[in-house]
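Residue numbers (our numbering), protein chains in the order written: chain A, 1 to 276; chain B, 1 to 263; chain C, 1 to 355.
Be aware that a few hints might be false.
DEER-style ranges, computed between Cβ atoms [claimed, not checked]:
| no. | chain 1 | residue 1 | chain 2 | residue 2 | range |
| --- | --- | --- | --- | --- | --- |
| 1 | B | Lys-135 | A | Ser-165 | 48 to 58 Å |
| 2 | A | Ser-165 | C | Asp-257 | 45 to 55 Å |
| 3 | A | Ala-94 | C | Ala-56 | 50 to 60 Å |
| 4 | A | Leu-92 | C | Gly-127 | 45 to 55 Å |
| 5 | A | Leu-26 | B | Ser-249 | 48 to 58 Å |
Hints were generated in silico from the structure; no laboratory data involved.
Note that the Cβ used here is the ideal one computed from N, Cα and C, for glycine as well.
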Amino acid sequence: MTRPRQRRGAGNQPPLPAVVLGLIGLVVFFGLPLAGLLWRAPWSDVASVLRDPHARDALRVSLICSLSATGLSVLFGIPIAWLLARGRFPGLNAVRALATLPLVLPPVVGGVALFYAFGRRGLIGEWLSRWFGIQLPFTIWAAIIAETFVAMPFFIITVEGALRSLDTRYEEAAATFGARRWTIFRRVTVPMIAPSIAAGMALTWARALGEFGATITFAGNFPGKTQTLPLAIYLAFENNDPAGIVLSILLLAISIVVLAVVGSRVFANRAREAGG
Amino acid sequence: MRQRRTLLVVAVTAAVTAAVSLTACGSSKKPATATTAPTKLSGSITVLAASSLTKGFTALGKEFEAANPGTKVTFSFGSSSDLETQIEQGAPADVFASADQANMDKVVTAGDNAGTPVSFVKNKLEIAVETGNPKHIATLSDLTKSGTIVVLCDPSVPCGKFAKQVLANAKVNLTPKSLEANAKATLSKVELGEADAAIVYVSDVASSGKVAGVTIPDTVNVITTLPIVALKNAKNAAVAKAWDAFVVSHASELVSTFGFLPL
Amino acid sequence: MSATGLVCDVRVRLGTLDLDVSLRAAPGELIVLVGPNGAGKSTLLRSLAGLLPIDAGRIALDDTVLDDPGQGAFVPAARRSVGVVFQNGLLFDHLSVVENVAFGLRSRKTSAREARRVAAGWLTRLGFDADAGVRPGQLSGGQIQRVALARALAFEPRLLLLDEPFAALDATTRVEVRRELRRHLDSIDAPKILVTHDPVEALAMADRLVVLEHGHVVQQGTADDVRARPRSLYAADLVGIHLLRGTARDGVVTLSDGREIVAATDGALSGTVLVTIHPRAIALHSRRPEGAARNVWSATVADVDDDGDRVRVRLGEPVPLVVEITRGGRSALALEAGSPVWVSLKASEITVQPD
Numbered sequence: 001m002t003r004p005r006q007r008r009g010a011g012n013q014p015p016l017p018a019v020v021l022g023l024i025g026l027v028v029f030f031g032l033p034l035a036g037l038l039w040r041a042p043w044s045d046v047a048s049v050l051r052d053p054h055a056r057d058a059l060r061v062s063l064i065c066s067l068s069a070t071g072l073s074v075l076f077g078i079p080i081a082w083l084l085a086r087g088r089f090p091g092l093n094a095v096r097a098l099a100t101l102p103l104v105l106p107p108v109v110g111g112v113a114l115f116y117a118f119g120r121r122g123l124i125g126e127w128l129s130r131w132f133g134i135q136l137p138f139t140i141w142a143a144i145i146a147e148t149f150v151a152m153p154f155f156i157i158t159v160e161g162a163l164r165s166l167d168t169r170y171e172e173a174a175a176t177f178g179a180r181r182w183t184i185f186r187r188v189t190v191p192m193i194a195p196s197i198a199a200g201m202a203l204t205w206a207r208a209l210g211e212f213g214a215t216i217t218f219a220g221n222f223p224g225k226t227q228t229l230p231l232a233i234y235l236a237f238e239n240n241d242p243a244g245i246v247l248s249i250l251l252l253a254i255s256i257v258v259l260a261v262v263g264s265r266v267f268a269n270r271a272r273e274a275g276g
Numbered sequence: 001m002r003q004r005r006t007l008l009v010v011a012v013t014a015a016v017t018a019a020v021s022l023t024a025c026g027s028s029k030k031p032a033t034a035t036t037a038p039t040k041l042s043g044s045i046t047v048l049a050a051s052s053l054t055k056g057f058t059a060l061g062k063e064f065e066a067a068n069p070g071t072k073v074t075f076s077f078g079s080s081s082d083l084e085t086q087i088e089q090g091a092p093a094d095v096f097a098s099a100d101q102a103n104m105d106k107v108v109t110a111g112d113n114a115g116t117p118v119s120f121v122k123n124k125l126e127i128a129v130e131t132g133n134p135k136h137i138a139t140l141s142d143l144t145k146s147g148t149i150v151v152l153c154d155p156s157v158p159c160g161k162f163a164k165q166v167l168a169n170a171k172v173n174l175t176p177k178s179l180e181a182n183a184k185a186t187l188s189k190v191e192l193g194e195a196d197a198a199i200v201y202v203s204d205v206a207s208s209g210k211v212a213g214v215t216i217p218d219t220v221n222v223i224t225t226l227p228i229v230a231l232k233n234a235k236n237a238a239v240a241k242a243w244d245a246f247v248v249s250h251a252s253e254l255v256s257t258f259g260f261l262p263l
Numbered sequence: 001m002s003a004t005g006l007v008c009d010v011r012v013r014l015g016t017l018d019l020d021v022s023l024r025a026a027p028g029e030l031i032v033l034v035g036p037n038g039a040g041k042s043t044l045l046r047s048l049a050g051l052l053p054i055d056a057g058r059i060a061l062d063d064t065v066l067d068d069p070g071q072g073a074f075v076p077a078a079r080r081s082v083g084v085v086f087q088n089g090l091l092f093d094h095l096s097v098v099e100n101v102a103f104g105l106r107s108r109k110t111s112a113r114e115a116r117r118v119a120a121g122w123l124t125r126l127g128f129d130a131d132a133g134v135r136p137g138q139l140s141g142g143q144i145q146r147v148a149l150a151r152a153l154a155f156e157p158r159l160l161l162l163d164e165p166f167a168a169l170d171a172t173t174r175v176e177v178r179r180e181l182r183r184h185l186d187s188i189d190a191p192k193i194l195v196t197h198d199p200v201e202a203l204a205m206a207d208r209l210v211v212l213e214h215g216h217v218v219q220q221g222t223a224d225d226v227r228a229r230p231r232s233l234y235a236a237d238l239v240g241i242h243l244l245r246g247t248a249r250d251g252v253v254t255l256s257d258g259r260e261i262v263a264a265t266d267g268a269l270s271g272t273v274l275v276t277i278h279p280r281a282i283a284l285h286s287r288r289p290e291g292a293a294r295n296v297w298s299a300t301v302a303d304v305d306d307d308g309d310r311v312r313v314r315l316g317e318p319v320p321l322v323v324e325i326t327r328g329g330r331s332a333l334a335l336e337a338g339s340p341v342w343v344s345l346k347a348s349e350i351t352v353q354p355d
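If we strip away everything but chain A, and leave its shape as in the complex, we get (with noise of 0.2 Å):
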């Protein structure tokens, strides 16, 4: 008996074992874990505890620090994937290093490391607390400074790679038709990147949102200050509370929403944009 001959477009599907692999790993590694905390969601609590003051508090913290966070990676991350795409001075690679440093380190490291820099008593800590009165640890914008740090390295990285294979011949055409520096950056290079503007924008504020480590080590822990939503989470699991899993559902739900909505323009675009 004969098989029936499938039709397949040569080069657009890929092969079998691939699809098989790929379906194993959504399921084993994405599809699994959130469906085990749909499970065990207690569906009945949602409300009360979504009502209750302390996870809005939470819910208003995270999202206040991880939009701050986002916009200070863009603010000092395009200039730094600039120098590290286009410079060329010995050192580079070094300084790469450094910009990517927090992307290896263990969070918790990286909130230790920021204490000994901006605590009481860190190295320019000591300085903004004498001269200053400034004292960052346990506010707020230690929080935001622990998101930044952890997330900035994947902005950086994305838009690096995006400055990286861009056609230079367009930024000279502005620069013959008069435009300065700052113009042909302002009015030509972002606009030609904005769709790895905006990917990496979205990955930095994920990793930002759900950072833990760095967050609960240099800013602390304070319902309606510093503490964010991982943080609730986590002691809400401490205390075996469910509202740790219906915040644990919030926070999946959120970023969900997000990146599937920027996502889809975002990665649609950079087909678009890679084809110059």
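Assemble the complex: chain A is given as a structure, and chains B and C must be docked to it using the hints.
For chains B and C alone, coordinates are given in the frame of chain A:
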């Protein structure tokens, strides 16, 4: 034909991987074999203990291993509520030593214990300040002085629960700068010089060596009893029980060297 | 500031290229720059545009020094008044057509509204007939080139550079756009330098043709000059003429392989010479021709290329030449690859010039 063979290989690999990981997880669920032979102890045990017992138990562990060659004691220190959750979730452990009765009660209620918990030391709270007490803190109400940075444990962990109680007893209205996840983290803020004061256990202050202590009067203080119990799912029930007995008999060492209180 | 045009002596070393070019371009003059790949045409344009500082020499435009390493003077690209039309247009895809054209003006601090007004004017003048509010991605090749030209002209540059502006266009569009472009360029007072590979464009548009090879100018002159007397293989190829080298004596030129060619030149010419043979000087015969033709030899056909209209016959040794004949001629001579054929060259159609 080639596609089918590759698919078979993938499926077999996946199945083998799954099987191996399941057996690895399952191996810890073997029932404890009862040993009646009294003398030669051997094997290793995992002890889940409150973080306040870190230095004390580590020292006792070495003594136990020296006294019973062939045994090995591995510790996992953390906040008692954390540890209790782990036990409930089936973490492989032989012994549980809690910082408070409440978490031990949860373990007993869940039926994870083997035998009755035994108390071995007591503990109470103390104010930890920087060496030399530069801010001249003498009482609990001094903590509310403006410009004083105070950190406490989060109320979800025992030392935080107790600190709240102590402050209520003393009728002191304190807003801390941070509520840390466990006593060690709380104390470390003072050790690092980031906080002026913290409320932790006397044992923590004693084992630290980097901070000074300010006594909290017993009239407002919380005196907590630390219990220990062998766990039902212990891999090595004999060594677990032996360790329990060892701890109880050497409790005085915990008192004299590590700052705990006698029963 | 007077309009004296472009005066440049450019010496640049880039990789294996050693560029050494002296060029003058009068106001309004259209210079066509040709040469093989790697000759240095783009490098020269980049230096003029200010994207590549020169190593030695001087570039002056309308008496303003743009680049003079000796004096330590260098005007960066953004501050030169040089308009460039790039290959493939190189329009900014994220800006609309009118924003593209207005770019140069806005960079020079013209208000957005004024810039757009001027831009729209240029687009109309250059015959752009699509919606100026769309993005370049939706334009055809010809329209892209019009926009690119408008963009380069909108801020009224004092030098216009065009780098193979028609390279991306198909043959028909090319012809049409080329005629238009010639008209527009004629009305511009600034000196213009256009780089092309297309011989027809080069010969049709140039006021002056400059042939660049290996970083040096090997020939300059009007199209007619170059057509009549190409001085390099590239130039000859460009104008569709054969170029051979040999030694002349008493009216006879001896080619490098020993063959002798008789040319209608005065016997006074001697020494190394360049011989140009126009295709119409060559005739093919099935047998040894009678008559006064002095240069006659038998050859073998290397291959025959029938492109529908005309037939190109490539001859092999002893003198490799390409001849164009009609289809009728081909069948009359029964020519295939490998066929024997007799070749005659009319001496009067052969030019000889000193090398």
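Discussion item. Tell me if the beta carbons of Lys-135(B) and Ser-165(A) are separated by a distance inside 48 to 58 Å.
Written reply: Roughly 57 Å apart at Cβ, these two residues keep to the hinted range, so it holds.
Worksheet item: Falls inside 45 to 55 Å, the C-beta gap from Ser-165(A) to Asp-257(C)?
Response: 52 Å, holds
Item to complete: For Ala-94(A) and Ala-56(C), compare the CB-CB distance with the range 50 to 60 Å and indicate the outcome.
Response: With Cβ atoms ~37 Å apart, the hint is violated.
Discussion item. Holds or violated: the 48 to 58 Å window for the beta-carbon distance between Leu-26(A) and Ser-249(B)?
Written reply: 55 Å, holds
Worksheet item: Range hint 45 to 55 Å: satisfied by the CB atoms of Leu-92(A) and Gly-127(C)?
Response: Since Leu-92(A) and Gly-127(C) have Cβ atoms about 49 Å apart, the given range 45 to 55 Å holds.
Violated hints amount to a single one, hint 3; each of the other numbered hints is respected by the structure.
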